[in-house]
Amino acid sequence: MDFGRISRRHLLQGSAALTLGAAAGARPAFAADTTIGFIYVGSRDDYGYNQAHAQGAAALKKIPGLKVVEEEKVPETDAVEKTIESMINLDGATLLFPTSFGYYNPHMIKMANKFPKLRFEHCGGLWSDKDPKNAGSYFGYIDEAQYISGIVAGYTSKSGKLGFVAAKPIPQVLRNINAFALGARLANPKATTQVIFTGDWSMPVKEAEATNSLIDQGVDVLTCHVDGPKTMVENAARRGAMVCGYHVNQSPLAPKAYLTGAEWNWEALYPKFVKMIAAGESIPNFYRGGLKEEIVKTSPYGEAVSAEARKHADEVKAKFLSAEGYAIFKGGLVDNKGKTVIPAGTDRGQKDPELEKMDYLVEGVLGATS
Amino acid sequence: MADGSIGLWTVPLAVLGGAIRVSTPFLFVSLGECITERSGRINLGLEGTLVMGAMSAYGISYLSGSPWLGVLAAGITGALLGALHAGICSLPRVNDVAVGIALMLFGTGLAFYLGKPLIEPTAPRLPAIDFGWWSDIPQVRAALRVNVLFLIGVALAPILYWAFRTTRWGILIRTAGESSDAARAMGHSVLLIRLRATMVGGFLAGIGGSFLSLFYPGSWNEGLSSGQGITAVALVIFARWDPLLCLWASLAFGGAAALGPALQSVGVTSGYHLFNAAPYILTLAIMIITCSPKRTLTGAPAELSITR
Chain D
335 MDFGRISRRH LLQGSAALTL GAAAGARPAF AADTTIGFIY VGSRDDYGYN
385 QAHAQGAAAL KKIPGLKVVE EEKVPETDAV EKTIESMINL DGATLLFPTS
435 FGYYNPHMIK MANKFPKLRF EHCGGLWSDK DPKNAGSYFG YIDEAQYISG
485 IVAGYTSKSG KLGFVAAKPI PQVLRNINAF ALGARLANPK ATTQVIFTGD
535 WSMPVKEAEA TNSLIDQGVD VLTCHVDGPK TMVENAARRG AMVCGYHVNQ
585 SPLAPKAYLT GAEWNWEALY PKFVKMIAAG ESIPNFYRGG LKEEIVKTSP
635 YGEAVSAEAR KHADEVKAKF LSAEGYAIFK GGLVDNKGKT VIPAGTDRGQ
685 KDPELEKMDY LVEGVLGATS
Chain P
42 MADGSIGLWT VPLAVLGGAI RVSTPFLFVS LGECITERSG RINLGLEGTL
92 VMGAMSAYGI SYLSGSPWLG VLAAGITGAL LGALHAGICS LPRVNDVAVG
142 IALMLFGTGL AFYLGKPLIE PTAPRLPAID FGWWSDIPQV RAALRVNVLF
192 LIGVALAPIL YWAFRTTRWG ILIRTAGESS DAARAMGHSV LLIRLRATMV
242 GGFLAGIGGS FLSLFYPGSW NEGLSSGQGI TAVALVIFAR WDPLLCLWAS
292 LAFGGAAALG PALQSVGVTS GYHLFNAAPY ILTLAIMIIT CSPKRTLTGA
342 PAELSITR
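In the order they appear, the protein sequences are chains D and P. This note's numbering applies: residue 335 is where the first sequence begins, and numbers increase by one. This note's numbering applies: residue 42 is where the second sequence begins, and numbers increase by one.
Please note that a few of the clues may not be correct.
[What the hints assert, rightly or not] Heads up, incomplete: computed chain D residues facing chain P, CB under 7 Å, no partners named:
{"no.": "1", "residue": "Ser536"}
{"no.": "2", "residue": "Pro538"}
{"no.": "3", "residue": "Glu543"}
{"no.": "4", "residue": "Gln551"}
{"no.": "5", "residue": "Ser640"}
[What the hints assert, rightly or not] Under the rule of at most 27 Å between Cα atoms (straight-line distance), these lysine-lysine pairs were calculated in the DSS-like manner:
{"no.": "6", "chain 1": "D", "residue 1": "Lys416", "chain 2": "P", "residue 2": "Lys157"}
{"no.": "7", "chain 1": "D", "residue 1": "Lys395", "chain 2": "P", "residue 2": "Lys157"}
{"no.": "8", "chain 1": "P", "residue 1": "Lys157", "chain 2": "D", "residue 2": "Lys396"}
{"no.": "9", "chain 1": "D", "residue 1": "Lys416", "chain 2": "D", "residue 2": "Lys464"}
{"no.": "10", "chain 1": "D", "residue 1": "Lys645", "chain 2": "D", "residue 2": "Lys492"}
{"no.": "11", "chain 1": "D", "residue 1": "Lys401", "chain 2": "D", "residue 2": "Lys606"}
{"no.": "12", "chain 1": "P", "residue 1": "Lys157", "chain 2": "D", "residue 2": "Lys448"}
{"no.": "13", "chain 1": "P", "residue 1": "Lys157", "chain 2": "D", "residue 2": "Lys401"}
{"no.": "14", "chain 1": "D", "residue 1": "Lys451", "chain 2": "D", "residue 2": "Lys396"}
{"no.": "15", "chain 1": "D", "residue 1": "Lys444", "chain 2": "D", "residue 2": "Lys606"}
Because the hints were derived from the structure by calculation, they are not lab data. These numbers come from a predicted model, not from an experiment. Ideal placement from N, C-alpha and C gives every residue a C-beta, glycine not left out.
Turn these sequences into a full structure, and let the hints steer you where they fit.
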């Protein structure tokens with residue numbers, strides 16, 4: 335418990351009425367001294383999810399006239415409401431980014447109702463018409479970047495066995511695993527992707543054990559979806575396997591083993607949001623996008639990536655960037671139990687909400703969701 | 042096999058490798074706690090000591106470039122935390138369990154606070170000794186890459202067993218743990234014996250932490266321990282305060298931790314949450330089998346606040 339927060343809270347009780355009036359009067363037009371609040375669930379230098387957001391916040395700090403306040407390790411409980419209130423009342427924040435999934439409902443919604451003139455932007459939530467208009471949710475189709483990683487991994491693997499260290503079988507994670515496996519099959523139709531679930535977002539010993547078990551099975555290219563990919567990347571590289579990163583660029587951790595990676599591109603998106611508000615436009619409440627919208631990106635190719643792999647990956651990337659787009663989950667898709675999960679003839683485009691409910695692993699993935 | 046896979050052999054090999062890789066922190070913390078509890082005091086704060094040890098080892102290794110200096114720093118940090126525990130507990134009417142819980146929170150909190158700038162840099166790691174040179178199967182060689190700390194821990198268990206039975210210091214510690222009156226009658230300060238025992242316990246737990254950050258998984262982050270310190274303290278009761286049993290119990294816990302991922306990797310995917318929970322199920326099962334309402338736990342030091 336930090337004492338700063340306690341005293342802030344006491345201070346808050348006394349001056350709530352006064353500062354509330356002041357905050358409500360502030361117009362969200364980005365003149366001088368606009369304050370933006372960022373809230374992270376973990377530590378902001380975790381080489382992972384939180385660091386990606388912190389890089390976005392750092393991009394905003396460079397814009398003159400903007401002040402950024404940050405608080406890390408805020409649990410997904412009413413603690414986040416207190417943090418939001420103190421950022422508004424004490425720091426004068428008018429735009430808030432509570433970046434963790436569990437902040438959305440009920441905490442951020444409650445705050446958005448309480449401060450109707452301020453703007454709240456949440457990462458990963460599903461905004462619906464019932465939610466306040468000054469709240470919004472944004473998220474990226476990072477499976478597009480995982481698909482590219484899969485292609486590169488498929489070409490690089492000598493054994494045709496790829497590994498995926500995952501936290502929990504929830505739709506976002508399954509979508510990444512499936513996209514990676516489908517990408518790998520573009521490169522090598524016989525490639526398999528073995529998945530191991532560790533059970534939680536940050537389990538370094540389990541992640542290291544999973545990495546070792548996969549490599550013992552002959553897996554020679556690994557990727558992951560956990561909060562901090564550092565453990566997987568370092569342990570796989572030590573065993574001589576290749577890796578694809580996640581969340582941010584981990585190539586400094588394993589320069590020789592790093593092939594490419596699926597990265598968030600918040601440093602491109604956040605300044606866009608700020609410019610929209612400054613220009614008097616409203617940010618769409620439900621904001622989604624992938625490579626084309628510059629919400630996600632891929633890491634630069636490592637030296638071990640062959641020319642053939644680069645060419646194929648760049649071709650697919652160009653399709654994602656094109657006006658007509660590209661569907662990863664095409665009609666006739668079969669899961670790894672032999673059941674057809676997407677009927678033939680109906681491609682599921684990236685924006686299809688069905689994909690956000692994914693509960694299967696596609697053919698070519700070794701593993702089960704339960 | 043041609044494709045470099047060893048099929049189902051992965052599971053026993055992973056359990057063996059896991060027993061070697063994962064068990065070391067358990068081993069050091071449980072041996073340390075064994076000494077402390079044999080002197081009649083419980084230090085539940087070893088989770089905090091483990092995390093502080095991991096953080097300080099990583100920091101010192103990063104700043105000095107020498108991982109061994111990091112191990113030493115972790116030990117010293119642990120001994121200081123042990124001294125703090127013993128110091129507070131020597132005040133009248135202080136409950137050692139409550140102090141331990143407070144120090145556990147203090148240790149982890151302080152380590153997270155001081156460890157902030159250490160998450161990103163990469164520190165030099167401890168070297169490994171290759172015991173798999175005789176094999177040309179890469180999986181076997183990987184499983185048998187053993188760290189010196191593990192060997193020290195394995196050697197320490199029989200040494201402690203011997204020391205408790207035959208050396209003057211061992212008997213003094215046990216006397217303080219079995220009957221503080223007897224120790225006092227012999228003219229020894231019970232508080233001083235317990236202070237030293239807790240400091241040695243903290244020193245070992247700190248070294249256990251250095252293994253986490255400097256060898257396996259081998260970097261500092263805030264989820265690094267995920268309760269291994271607490272598990273190791275429970276393991277001492279499970280091992281009946283016997284250093285040799287602590288060694289076997291630590292190996293069993295290490296192997297059990299590797300079981301979940303290994304089974305998933307060979308395609309046994311149903312119920313992986315159950316396999317991930319294997320170490321805890323093992324503890325519960327043995328506790329239930331061995332407990333009896335008719336007698337106190339065999340081997341429990343009589344002065345421990347939980348048995349008194």
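Okay, the hints, checked on the actual structure:
1. Ser536: 4 Å, holds
2. Pro538: 4 Å, holds
3. Glu543: Holds: closest Cβ of chain P sits about 4 Å from D:Glu543, inside 7 Å.
4. Gln551: Nearest chain P Cβ about 5 Å off; hint holds.
5. Ser640: Result: violated, 20 Å to nearest chain P Cβ.
6. D:Lys416 / P:Lys157: Status holds; Cα separation ~23 Å.
7. D:Lys395 / P:Lys157: It holds: about 21 Å lies between the C-alpha atoms, which stays within 27 Å.
8. P:Lys157 / D:Lys396: Measuring from Cα to Cα gives roughly 23 Å; hence the hint holds.
9. D:Lys416 / D:Lys464: 24 Å, holds
10. D:Lys645 / D:Lys492: Holds: D:Lys645 and D:Lys492 sit about 19 Å apart, inside 27 Å.
11. D:Lys401 / D:Lys606: 16 Å, holds
12. P:Lys157 / D:Lys448: Not satisfied, since the Cα-Cα distance of roughly 34 Å exceeds 27 Å.
13. P:Lys157 / D:Lys401: Holds - the C-alpha atoms of D:Lys401 and P:Lys157 are around 23 Å apart, at most 27 Å.
14. D:Lys451 / D:Lys396: 25 Å, holds
15. D:Lys444 / D:Lys606: 26 Å, holds
Of the hints listed earlier, those the structure fails to meet are numbers 5 and 12, in rising order.
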